[in-house]
Amino acid sequence: MTEPVTTPPPGCPAHRAAAQLYGPRFQTDPAQVYRELRAEHGPVAPVELAGGVPAWLVIGYRELQLVTSQPKLFGRDSSRWNAWPDIPADWPLRPMMTPVPSILYTEGAEHQRRASAIGETLGAVDPYELKKYCERIADRLIDSFAGRGEADLVAEYAHRMPLLVLCWLLGLDDAQVPVLIESLLAMLDGGPGAQEASQRLLTVMLELVEAKRAEPGADITSRLLVHPAQLSDDEVVRDLRVLLAAGHQPTAYWIANALRLMLTDDRFAASLVGGRRSVGQALGEALWEDTPTQIFAGRWAVRDTQLGGQRIAAGDLVLLGLAGANADPAVREAGGAAAEGNRAHLSFSHGEHRCPFPAQEAAEVIAATAVEVLLDRLPDLRLAVAEHALVWRPSAWVRALVALPVAFTPSTMAAGAFG
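Here my numbering is used: the first residue of the sequence shown is 77, the next is one more, and so on.
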């Protein structure tokens, strides 16, 4: 059992009615927590992570843009965190914070070098070939449960779809999907096995790089190894782990959250049988209302500064509240809704560390194809439990369902029969 962190010093945000970013209440209704924080503290609020670890949560749209656009004030290198002396070695969230030499924690010219390699390599993916492969994977997965008349669209579909596509893009073997899913979930849930899961993923990436050095292929890994940025094998290994986690989890939960919306919201229910609201609209609304990455960790204050009316000390942890910023009344219509078609959400973050545009485009192809093919194949898809019975994952980082049970008319017709 993880020991609590020692009591923070006076002046730390944990001493000023910090809200807990864990527990049943936050897990069930984080949006209400964000509303209360905004009402009490404004756009930047004192919060507490599991184990009593203090941080600042940015839930103001403008403030989040400022934090992500000012690397000289808010840096990405977590080695400057002033709380490290009090963090237990077995703290379950440690894998998300530990300063490792990956693209996540680099800054300045070094970040530009590695980010350009990732962006250019992803940009070389043929979008038409990607779309066709996504359709094949979606059909293959649906074939595996279509005859039963029931399925869990999280475990059997949303988790597997983007990971199988990523395996193809990176040059990984499909047989590794089960252990990859288990490791990714353990790492992001922040449970007892989080650190071991993080190491397992690193081992898989190391084996992949060694294999592609010996026998290159038409995949992202092979292209990264010969990119003009001249990444070392260790750099490629670590950046591939980032690419795998960042590509899988948000895309998987984007698919699941959009499907939940279409199955539970009357405005979208008609679209299951060809109504006016499209899959694209559901995907867009899911990013505004239930963005898969709700909090990103994070930034660390380079020096003492002010942000959103709060005094931020040098080395303080500043969490990017993407979901909270998306809900900022300053960027909402009078009724509190996001304008239809508005893509100015912060779900892919902002600034130089945002999700690269080619990665955003690939994620949208994967997510849109997954939803479209599913609804085409199973047009009478319906939720198999009451909406209130759906359970959200106990994670501070993602807004994600544990399961999405559905029912439908069984079909023994395989994908090939659809031409």
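In case anyone wonders, no lab produced these hints; they're calculated from the structure. Using N, Cα and C, we set each Cβ at its ideal position, and we do this for glycine too. Where hints are given, some of them may not hold.
Claimed, not checked - Pairwise CB distance ranges, derived in the manner of DEER restraints:
no., residue 1, residue 2, range
1, GLU437, GLU183, 19 to 29 Å
2, TYR204, ALA390, 29 to 39 Å
3, ARG387, ARG458, 43 to 53 Å
4, ALA305, GLY225, 46 to 56 Å
Outcome of the hint check:
no., hint, in the structure
1, GLU437 <-> GLU183: 19 to 29 Å, "26 Å, holds"
2, TYR204 <-> ALA390: 29 to 39 Å, "49 Å, violated"
3, ARG387 <-> ARG458: 43 to 53 Å, "52 Å, holds"
4, ALA305 <-> GLY225: 46 to 56 Å, "50 Å, holds"
Violated hints amount to a single one, hint 2; each of the other numbered hints is respected by the structure.
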